[in-house]
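Those protein sequences? They're chains A and B, same order as listed.
Quick note on numbering: the first sequence equals residues 389 to 676 in my numbering.
Quick note on numbering: the second sequence equals residues 389 to 676 in my numbering.
Which copy? The list can't say, so a pair holds if one copy fits it or any two copies do.
The calculated lysine to any residue pairs, modelled on SDA-like cross-linking and capped at a C-alpha distance of 25 Å, are:
{"no.": "1", "residue 1": "K482", "residue 2": "E417"}
{"no.": "2", "residue 1": "K548", "residue 2": "E417"}
{"no.": "3", "residue 1": "K548", "residue 2": "Q414"}
{"no.": "4", "residue 1": "K482", "residue 2": "P492"}
{"no.": "5", "residue 1": "K482", "residue 2": "A393"}
{"no.": "6", "residue 1": "K548", "residue 2": "S490"}
{"no.": "7", "residue 1": "K548", "residue 2": "A413"}
{"no.": "8", "residue 1": "K548", "residue 2": "A488"}
{"no.": "9", "residue 1": "K548", "residue 2": "R487"}
{"no.": "10", "residue 1": "K482", "residue 2": "C472"}
{"no.": "11", "residue 1": "K548", "residue 2": "R407"}
{"no.": "12", "residue 1": "K548", "residue 2": "P492"}
{"no.": "13", "residue 1": "K548", "residue 2": "D468"}
{"no.": "14", "residue 1": "K548", "residue 2": "G409"}
{"no.": "15", "residue 1": "K482", "residue 2": "R401"}
{"no.": "16", "residue 1": "K482", "residue 2": "S545"}
{"no.": "17", "residue 1": "K482", "residue 2": "P425"}
{"no.": "18", "residue 1": "K482", "residue 2": "E546"}
{"no.": "19", "residue 1": "K548", "residue 2": "I405"}
{"no.": "20", "residue 1": "K482", "residue 2": "M603"}
{"no.": "21", "residue 1": "K548", "residue 2": "E491"}
{"no.": "22", "residue 1": "K482", "residue 2": "G427"}
For the record, the hints were derived by calculation from the structure and aren't laboratory data.
Computed from a predicted structure; not experimentally measured.
Protein chains: 2
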Amino acid sequence: MDLNARIDDAVCRAIAIGRGGVAPAQLSEALDYATSPGGARIRPTILASVAMACGDDRPGVTDAAVAALELIHCASLVHDDLPCFDDAELRRGKPSVHRAYSEPLAVLAGDSLIILAFDVLARAAEDAPRRGVRLMRTLAQCSGMPNGICAGQGWESEAKVDLAAYHRSKTGALFIAATQMGAIAAGHDPEPWYELGDRIGEAFQVADDLRDALMDVDALGKPAGQDEAHGRPNAVAELGVAGATGRLRNILAGAISSIPSCPGEARLAQMVRMQSERIMPDAVRHLA
Amino acid sequence: MDLNARIDDAVCRAIAIGRGGVAPAQLSEALDYATSPGGARIRPTILASVAMACGDDRPGVTDAAVAALELIHCASLVHDDLPCFDDAELRRGKPSVHRAYSEPLAVLAGDSLIILAFDVLARAAEDAPRRGVRLMRTLAQCSGMPNGICAGQGWESEAKVDLAAYHRSKTGALFIAATQMGAIAAGHDPEPWYELGDRIGEAFQVADDLRDALMDVDALGKPAGQDEAHGRPNAVAELGVAGATGRLRNILAGAISSIPSCPGEARLAQMVRMQSERIMPDAVRHLA
Numbered sequence: 389m390d391l392n393a394r395i396d397d398a399v400c401r402a403i404a405i406g407r408g409g410v411a412p413a414q415l416s417e418a419l420d421y422a423t424s425p426g427g428a429r430i431r432p433t434i435l436a437s438v439a440m441a442c443g444d445d446r447p448g449v450t451d452a453a454v455a456a457l458e459l460i461h462c463a464s465l466v467h468d469d470l471p472c473f474d475d476a477e478l479r480r481g482k483p484s485v486h487r488a489y490s491e492p493l494a495v496l497a498g499d500s501l502i503i504l505a506f507d508v509l510a511r512a513a514e515d516a517p518r519r520g521v522r523l524m525r526t527l528a529q530c531s532g533m534p535n536g537i538c539a540g541q542g543w544e545s546e547a548k549v550d551l552a553a554y555h556r557s558k559t560g561a562l563f564i565a566a567t568q569m570g571a572i573a574a575g576h577d578p579e580p581w582y583e584l585g586d587r588i589g590e591a592f593q594v595a596d597d598l599r600d601a602l603m604d605v606d607a608l609g610k611p612a613g614q615d616e617a618h619g620r621p622n623a624v625a626e627l628g629v630a631g632a633t634g635r636l637r638n639i640l641a642g643a644i645s646s647i648p649s650c651p652g653e654a655r656l657a658q659m660v661r662m663q664s665e666r667i668m669p670d671a672v673r674h675l676a
Numbered sequence: 389m390d391l392n393a394r395i396d397d398a399v400c401r402a403i404a405i406g407r408g409g410v411a412p413a414q415l416s417e418a419l420d421y422a423t424s425p426g427g428a429r430i431r432p433t434i435l436a437s438v439a440m441a442c443g444d445d446r447p448g449v450t451d452a453a454v455a456a457l458e459l460i461h462c463a464s465l466v467h468d469d470l471p472c473f474d475d476a477e478l479r480r481g482k483p484s485v486h487r488a489y490s491e492p493l494a495v496l497a498g499d500s501l502i503i504l505a506f507d508v509l510a511r512a513a514e515d516a517p518r519r520g521v522r523l524m525r526t527l528a529q530c531s532g533m534p535n536g537i538c539a540g541q542g543w544e545s546e547a548k549v550d551l552a553a554y555h556r557s558k559t560g561a562l563f564i565a566a567t568q569m570g571a572i573a574a575g576h577d578p579e580p581w582y583e584l585g586d587r588i589g590e591a592f593q594v595a596d597d598l599r600d601a602l603m604d605v606d607a608l609g610k611p612a613g614q615d616e617a618h619g620r621p622n623a624v625a626e627l628g629v630a631g632a633t634g635r636l637r638n639i640l641a642g643a644i645s646s647i648p649s650c651p652g653e654a655r656l657a658q659m660v661r662m663q664s665e666r667i668m669p670d671a672v673r674h675l676a
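So here's chain A without its partners, still in its complex pose (with noise of 0.2 Å):
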């Protein structure tokens, strides 16, 4: 099986639990909506990717993890689509889960994607206790508050924003969960892989910077976008584009550079690179 028909196993495997038994219709559905078709499915391709570097020696676990940190990823954006946010009508190309369903269904699929997501690694808890439970506690810190998404969310709502603490939370505590729990989920220390995760978490940081930033190169003419006209700092504000391209550069080599020494070391790169050549924006290509 490669590695995007695990991915979908084990989050279709997920939704089953949560859809089993006498269940309302339609709830039920929205988890399956809100879950599959999958986007690009990064953060845990890079979650399996490390524990596969690590040796994967519990599958099980494994798949558990990255059903878990998908599952969470989905509830966030079930959540941030809902009108009181960005009141998105689209998602993956198709309607956000609130127009397809309605706004109830929308928060309690959110809610029970979280919990299922708690609910999976519970269960691989009661084969492999002491991967299962610390796979939960970073899980929980990468989501929860203070430091993890819905942190990253509250900041929002904030006159006076710490911003390293809000990229950190807001894009950042997702692929930090991703590297740290693939390194769990195959009996790793999970410490050393704090860097790859939290390098990858501002790559995709900076990247999107350029992209709201080119979007408007497009469209507008000049290279200032939402953010600019925000006020808010971004890497393209403060380094112009070839700038910030470099930046994306250097701290994606640095993130390679980061991986710790492992069995799969060189694959892991490998799929790093490619990685990193997804999120490079076309127009920016030949400035690198």
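Chain A is already provided as a structure; the job is to place chain B on it using the hints.
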């Protein structure tokens, strides 16, 4: 420390984890606002009472279970109060979370409380993995899909409702969680404790039905309230006020006689009797 103080203390310590470090101030405050001052804290009182009846040999684990269950209950109240559900202005005599803060912060506060509930149990599981993992499985089952309180709310979006599943998941689930988690926290088998939780949940349902009907006795001079107006089947419509009151007494008597043999059986029976008196509407006391 008396039981109420012990419960408040456990909840406060859990909230302090979510508020630690550099966190967005309003969301951080909202976590505290949503959980204190508490309501009757009936579910954690039942949980702690069962744990004590079973010996309470790991008080730290009991405290974690108490906090986790109360956090999930509070999260469900915060989300149920949202405009897309009950649009409640007040909760426990003060503005609901989305009125006091904002709708985005209410969504995030609920999400954070759910995650924190599992985090608190995962922390307890580091020292007591077997109990911790069982507590997480039980909490997930009683709060998520397909059988937990999320499912209960989800049924309200269905045209055709499985009433038994609806009541059991909407009202019963957290009472079953309370008795079973109490047993697990003290190292006992949760299975024999299912019936007590289930019966207490059923008693609450009938007491609610009575209150719904009796509110209108005072307000409108007729014994049929919201449930009947909406065609929702309830115990009063089915049995009349006197009949439903009798049924409530029977359920509570059954609850007490279902208490499994354990060191603190007599004291626990006393607690259930006391809680029973509290839920019995004043207007029907003379009927029973």
